[in-house]
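Peer 1: Now for the letters of each chain:
There are 10 protein chains.
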Amino acid sequence: MTTKKEAADAVLAAKVRLGLTWTDLAEALGTPLAWTTAALLGQHPVPKEQAERAAEILELPADAVTALRLQPTRGALESPVPTDPTIYRFYEVLQVYGPTIKELIHEQFGDGIMSAINFRLDVRRVPDPAGDRVVVTLDGKFLPYQW
Amino acid sequence: MTTKKEAADAVLAAKVRLGLTWTDLAEALGTPLAWTTAALLGQHPVPKEQAERAAEILELPADAVTALRLQPTRGALESPVPTDPTIYRFYEVLQVYGPTIKELIHEQFGDGIMSAINFRLDVRRVPDPAGDRVVVTLDGKFLPYQW
Amino acid sequence: MTTKKEAADAVLAAKVRLGLTWTDLAEALGTPLAWTTAALLGQHPVPKEQAERAAEILELPADAVTALRLQPTRGALESPVPTDPTIYRFYEVLQVYGPTIKELIHEQFGDGIMSAINFRLDVRRVPDPAGDRVVVTLDGKFLPYQW
Amino acid sequence: MTTKKEAADAVLAAKVRLGLTWTDLAEALGTPLAWTTAALLGQHPVPKEQAERAAEILELPADAVTALRLQPTRGALESPVPTDPTIYRFYEVLQVYGPTIKELIHEQFGDGIMSAINFRLDVRRVPDPAGDRVVVTLDGKFLPYQW
Amino acid sequence: MTTKKEAADAVLAAKVRLGLTWTDLAEALGTPLAWTTAALLGQHPVPKEQAERAAEILELPADAVTALRLQPTRGALESPVPTDPTIYRFYEVLQVYGPTIKELIHEQFGDGIMSAINFRLDVRRVPDPAGDRVVVTLDGKFLPYQW
Amino acid sequence: MTTKKEAADAVLAAKVRLGLTWTDLAEALGTPLAWTTAALLGQHPVPKEQAERAAEILELPADAVTALRLQPTRGALESPVPTDPTIYRFYEVLQVYGPTIKELIHEQFGDGIMSAINFRLDVRRVPDPAGDRVVVTLDGKFLPYQW
Amino acid sequence: MTTKKEAADAVLAAKVRLGLTWTDLAEALGTPLAWTTAALLGQHPVPKEQAERAAEILELPADAVTALRLQPTRGALESPVPTDPTIYRFYEVLQVYGPTIKELIHEQFGDGIMSAINFRLDVRRVPDPAGDRVVVTLDGKFLPYQW
Amino acid sequence: MTTKKEAADAVLAAKVRLGLTWTDLAEALGTPLAWTTAALLGQHPVPKEQAERAAEILELPADAVTALRLQPTRGALESPVPTDPTIYRFYEVLQVYGPTIKELIHEQFGDGIMSAINFRLDVRRVPDPAGDRVVVTLDGKFLPYQW
Amino acid sequence: MTTKKEAADAVLAAKVRLGLTWTDLAEALGTPLAWTTAALLGQHPVPKEQAERAAEILELPADAVTALRLQPTRGALESPVPTDPTIYRFYEVLQVYGPTIKELIHEQFGDGIMSAINFRLDVRRVPDPAGDRVVVTLDGKFLPYQW
Amino acid sequence: MTTKKEAADAVLAAKVRLGLTWTDLAEALGTPLAWTTAALLGQHPVPKEQAERAAEILELPADAVTALRLQPTRGALESPVPTDPTIYRFYEVLQVYGPTIKELIHEQFGDGIMSAINFRLDVRRVPDPAGDRVVVTLDGKFLPYQW
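Residue numbers (full-length UniProt numbering), protein chains in the order written: chain A, 1 to 147; chain B, 1 to 147; chain C, 1 to 147; chain D, 1 to 147; chain E, 1 to 147; chain F, 1 to 147; chain G, 1 to 147; chain H, 1 to 147; chain I, 1 to 147; chain J, 1 to 147.
Keep in mind that a hint or two might mislead.
Stated by the list, open to error - Mimicking DSS-like on lysine-lysine, the simulated pairs with C-alpha atoms at most 30 Å apart in a straight line are:
| id | chain 1 | residue 1 | chain 2 | residue 2 |
| --- | --- | --- | --- | --- |
| 1 | D | Lys15 | E | Lys48 |
| 2 | I | Lys5 | E | Lys5 |
| 3 | H | Lys5 | E | Lys5 |
| 4 | F | Lys48 | J | Lys15 |
| 5 | A | Lys48 | D | Lys15 |
| 6 | D | Lys48 | A | Lys141 |
| 7 | D | Lys141 | E | Lys141 |
| 8 | J | Lys141 | J | Lys15 |
| 9 | B | Lys15 | D | Lys48 |
| 10 | J | Lys5 | J | Lys48 |
| 11 | G | Lys48 | G | Lys5 |
| 12 | A | Lys48 | C | Lys48 |
| 13 | C | Lys141 | D | Lys15 |
| 14 | J | Lys48 | I | Lys141 |
| 15 | I | Lys141 | F | Lys48 |
| 16 | G | Lys141 | B | Lys141 |
| 17 | C | Lys141 | D | Lys48 |
| 18 | D | Lys5 | D | Lys15 |
| 19 | E | Lys5 | E | Lys48 |
| 20 | A | Lys141 | D | Lys15 |
| 21 | H | Lys48 | H | Lys5 |
| 22 | A | Lys141 | B | Lys48 |
| 23 | H | Lys48 | I | Lys48 |
| 24 | C | Lys48 | C | Lys5 |
| 25 | F | Lys5 | F | Lys48 |
| 26 | F | Lys5 | E | Lys15 |
| 27 | B | Lys48 | B | Lys5 |
| 28 | A | Lys5 | A | Lys48 |
| 29 | E | Lys5 | I | Lys48 |
| 30 | C | Lys141 | C | Lys48 |
| 31 | E | Lys5 | B | Lys5 |
| 32 | C | Lys141 | E | Lys15 |
| 33 | E | Lys15 | E | Lys141 |
| 34 | B | Lys48 | H | Lys5 |
| 35 | I | Lys48 | I | Lys15 |
| 36 | B | Lys15 | B | Lys48 |
| 37 | G | Lys48 | G | Lys141 |
| 38 | J | Lys141 | I | Lys15 |
| 39 | J | Lys15 | H | Lys48 |
| 40 | E | Lys5 | E | Lys15 |
Derived by calculation from the structure, the hints in this document are not laboratory data.
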């Protein structure tokens with residue numbers, strides 16, 4: 001039986017072997033880029049049709065379709081503190097600016113949180129003469145503490 | 001001797017007592033909003049002039065100025081996984097979307113990272129009929145792996 | 001040899017493949033909904049008859065019956081702090097309201113605990129014009145500290 | 001300077017010394033019982049008026065009012081796994097039934113979570129000839145995964 | 001304000017200074033030996049009368065009485081794995097014989113647990129020519145899993 | 001090659017399949033009940049003769065005999081804090097009563113420990129009209145600190 | 001499917017079996033010594049040409065080429081604190097001299113970091129009559145904190 | 001009584017207040033720069049004469065001299081994984097290049113380690129048109145495994 | 001009230017201030033060298049007479065005598081893995097040779113342990129032309145597993 | 001491919017099956033007893049000749065020779081705190097006597113460590129009428145802190 005982790009590993013290997021990009025896959029499935037990437041990496045359940053289409057494009061074995069469709073137990077970091085430098089920088093942002101973000105949310109909205117469920121994210125390349133910039137936008141609905 | 005943590009706690013208590021906002025403080029110091037918040041919370045060294053101005057406005061004791069000026073040992077979370085719900089949601093974003101962000105950075109830029117040093121952040125309230133949204137923008141220079 | 005974890009994974013995959021619900025399974029086994037779900041996920045020993053019936057409906061391999069019947073070593077979280085957002089929210093409730101629940105139990109009952117053994121739970125959907133609500137009821141016998 | 005933790009400890013000691021209950025306090029402040037308990041234990045910011053009223057009733061020192069008013073960094077457990085038996089039973093419920101609750105939420109609502117922010121809880125004593133029962137109701141808005 | 005931990009430390013120091021034993025204290029308070037020890041070490045709330053009597057005998061300061069009366073947040077080990085050799089041996093018993101005890105409880109009683117709430121313990125010295133023996137008896141009500 | 005853990009799993013599965021009890025096995029091997037259970041669960045080396053007899057009764061594969069005979073690296077809990085409720089209650093006893101047991105050992109014997117090596121344990125069902133009781137007796141030689 | 005970890009293990013075994021050195025491999029691939037070592041151990045993506053050349057020299061199976069080419073999730077230590085003595089000494093250097101290095105960077109450059117991305121390292125043997133010395137040079141671009 | 005940590009904090013505050021550099025202090029004490037920094041931060045015992053000289057220059061209280069002279073229990077990181085970005089980058093180097101350094105030491109020297117005791121370190125600023133570089137040199141005696 | 005940790009810190013500071021050695025203290029108290037060191041560092045209860053003598057020699061405050069006499073909760077490492085290099089090397093010996101020591105004990109004695117209670121240790125300097133050697137002898141009674 | 005851990009497990013199983021001792025193996029390989037044990041357990045690289053001889057005597061599969069020859073990543077404990085009682089006692093010695101050993105090394109040698117690399121160990125059975133003793137000698141070169 002294929003797990004969601006094994007299906008994700010198979011997706012990554014197939015991308016290298018077939019020379020496909022996440023953009024190719026998102027277009028083929030007709031789904032947003034970041035959602036597609038997260039879903040094929042095992043963090044969202046993939047609807048039947050898209051799972052079958054992805055398996056076809058990526059030449060995945062049959063039971064990978066079931067794996068992609070399964071409701072995930074989310075959580076993609078292998079340890080509480082990520083070790084991969086590209087991911088770690090975002091953890092570092094939390095360590096350095098977490099309470100700052102919290103204070104500014106409270107100042108602008110009152111007591112509450114940014115939803116990570118009613119949420120979308122975007123990763124963009126912004127040209128800059130001093131070196132292009134990675135701009136990650138986290139965009140979630142504000143949810144006030146409400147009894 | 002006042003530590004940077006104690007100085008930050010004194011800043012928070014004074015804000016409540018005096019009814020001041022981070023925006024008030026940023027304007028008084030002439031520094032960007034998020035930077036000011038992070039710095040007064042102890043995550044950046046505050047230049048002498050701003051440290052004295054902040055102490056004056058917030059009626060902090062004299063040795064808080066030294067505390068604010070000290071080079072910080074950064075890291076504001078009290079445990080590897082934050083427990084405060086407002087901050088946790090950002091950790092959850094990492095757990096669910098960390099590898100997605102990594103994949104999209106690699107697809108758009110190649111092997112490398114978003115700098116958390118040459119970096120600025122912004123927290124904005126975006127009106128939305130279905131509920132206003134918290135939009136946090138992380139904006140850092142791309143740094144390619146380079147031997 | 002099939003472990004209880006592998007049997008649970010097989011149950012989950014079969015449900016997707018066969019389009020069955022937990023409600024279908026609970027009815028087929030004649031057992032309460034939440035108990036059935038917990039038991040097939042490996043947290044309760046399943047009596048022989050029900051184990052065989054479940055294996056038949058879900059087309060599980062033969063030794064999955066033994067796995068379902070085994071007395072479990074309970075504990076379903078993969079780390080002390082759950083990473084899956086749906087499960088995490090309940091951990092967050094503990095972080096924010098744990099001492100509150102404790103205080104109110106002590107105020108209403110005196111020194112003691114709610115049993116998690118003589119215990120049943122219920123998950124219900126309650127319609128609400130402002131958005132339907134998840135209502136989880138934890139219902140356990142009070143056990144007073146008694147020497 | 002009084003921290004929120006010290007203010008909570010002072011509240012608990014005053015309750016014993018003065019023979020007050022959480023119900024007395026909730027009535028005096030005009031706020032819901034469980035919310036009042038959580039807030040005085042330091043998990044919610046207390047509005048100015050209620051903070052002053054509580055300080056008066058509980059004979060707290062002056063700067064406890066500021067402490068109660070401060071926006072909390074939430075999280076009340078002293079370690080990731082709680083050691084107090086009354087609180088631990090709820091962690092045990094998560095260990096044994098966490099994935100069950102998750103499965104039933106997904107079956108009844110689709111992919112999403114129960115909010116712990118738009119949320120209320122209730123602790124009740126339900127008489128039962130076989131021993132009275134603690135019934136804890138967790139009641140939160142359903143939030144669907146929504147891109 | 002005196003915490004329960006500080007009250008316990010004061011009890012231990014007073015015992016050494018005054019040359020008292022736990023047996024002396026249990027007799028003076030009219031409570032069982034092991035219960036008395038646990039309660040004065042801060043793991044049980046001490047009724048008002050006994051708290052005052054203990055404070056008198058042990059010459060504790062006035063607010064230690066409040067500390068002794070407070071409902072404890074139980075949990076006496078300073079780390080998840082105890083380092084003190086006398087206590088560690090009991091953790092080792094769990095590491096080596098935990099599943100054995102579990103199997104024998106299930107074989108003799110069916111699925112369920114020994115209560116640690118409706119529970120008493122006893123420590124006795126049993127003479128033995130090959131070296132006297134420590135005999136610790138853990139005696140708790142069986143609680144069957146019951147939905 | 002079969003590990004001791006796999007051999008223990010095979011023992012547990014065979015017991016269910018063949019309907020055998022630990023008492024049956026202890027009688028067949030002529031060894032004490034709790035020792036037998038611990039040994040077949042992989043916590044004691046099993047002498048050649050008993051290992052072969054157990055393999056025969058339980059229809060274990062040939063190399064399980066070698067596994068049972070191997071000197072174990074002891075330690076049966078899957079994490080420092082056990083998650084299984086039946087085992088956890090004994091950890092909870094340590095959390096609540098560990099220092100109490102320590103104090104009473106020191107009061108009755110002086111400075112030293114209860115051996116967990118020169119040690120035997122017993123699990124008994126004691127009838128009680130208010131509910132039968134689990135009585136676990138830990139019986140170890142006292143070892144004084146001796147330089 | 002071969003993981004990067006399995007490919008790295010295969011590289012190490014092949015080196016022993018074929019009597020090759022990292023220097024041999026670096027020369028054959030035409031890449032810097034330390035980079036080559038890190039890349040074949042799975043910490044850098046290996047370009048297609050070099051991956052195929054390495055597989056040929058080291059007689060690796062076909063899908064090891066895909067494994068070598070994959071973008072790694074970096075992080076090579078098996079636990080947060082390394083246990084291998086050769087690696088541990090560098091962790092010890094951090095424990096003893098970490099804040100010293102930090103202070104001296106701040107004194108010479110101001111607030112900022114040494115990049116671990118725009119970075120190269122070198123390990124050299126320096127003859128010394130009192131015992132040859134290991135000289136490890138860490139050489140990274142300074143990145144100033146810059147908003 | 002002043003601890004070594006408190007003495008180090010006093011040193012850091014005095015440096016800011018008096019506008020002194022580590023270079024100033026090293027020259028005044030006549031000791032190497034990095035050693036001086038480490039020693040005043042509490043990681044080396046400071047000889048009596050230097051401790052008194054440092055206390056005089058930095059206007060430290062009398063018992064700070066004793067604190068500086070004490071043999072330290074070394075270890076300067078507040079958690080196993082450092083959170084300060086300037087220090088973290090060196091931990092990241094270990095995560096990414098630790099096994100590489102190990103392999104190259106073994107290739108050049110055979111089985112053994114770089115000593116962290118017979119050891120010196122140097123932090124230098126190396127001008128570079130593409131951005132100045134931090135060059136940290138770790139220089140320790142090779143110690144072969146020797147029975 | 002003085003804790004055993006504070007008493008130990010006071011002992012260490014007094015030794016530096018008064019220029020005393022552990023050997024001086026052991027002779028003055030008439031107790032073995034290593035036992036004396038461990039006891040004054042808080043790991044053994046010190047008999048009344050020796051506690052008073054030590055307090056006199058070391059000019060400790062009055063209530064340090066009670067602290068020294070108290071039964072300790074043993075365990076002297078500040079984290080599970082020691083960070084001090086002098087102590088770490090012994091942890092490293094366990095990491096590298098722990099199973100070796102275990103195997104040799106089992107080969108020479110059968111199944112059992114070396115007691116750490118009926119135990120003495122010795123630290124000696126052994127001259128060696130290639131560099132003097134630290135020889136630490138751990139000498140404990142063998143305790144066979146015995147039911 | 002055989003890992004060093006699998007090779008070690010194969011060695012242990014073969015010893016039981018063939019009735020060999022570590023002393024037999026050390027004699028056959030012509031290497032010191034404790035070194036041989038550690039090396040065959042995977043903590044030292046085994047020279048080609050000895051690896052082949054060991055494989056022959058122990059009837060190991062062919063690629064176990066490569067596994068034995070590989071440079072190990074040392075570290076033999078499965079968790080930071082060992083759970084096996086025979087190994088744990090040595091960890092307990094560190095917890096109770098670690099700082100004592102450190103103090104005595106500093107008193108006899110000055111600031112520095114006992115090498116765990118230029119190191120040998122010995123486990124001996126010493127007859128004693130009160131019970132034979134395990135005497136473990138740790139013998140390492142002193143390394144002074146030396147800049």
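Peer 1: Could you check the structure against the hints above and give me the numbers of any it violates, in ascending order?
Peer 2: Hints 5, 7, 8, 12, 14, 17, 20, 22, 23, 26, 32, 33, 39 not satisfied by this model.
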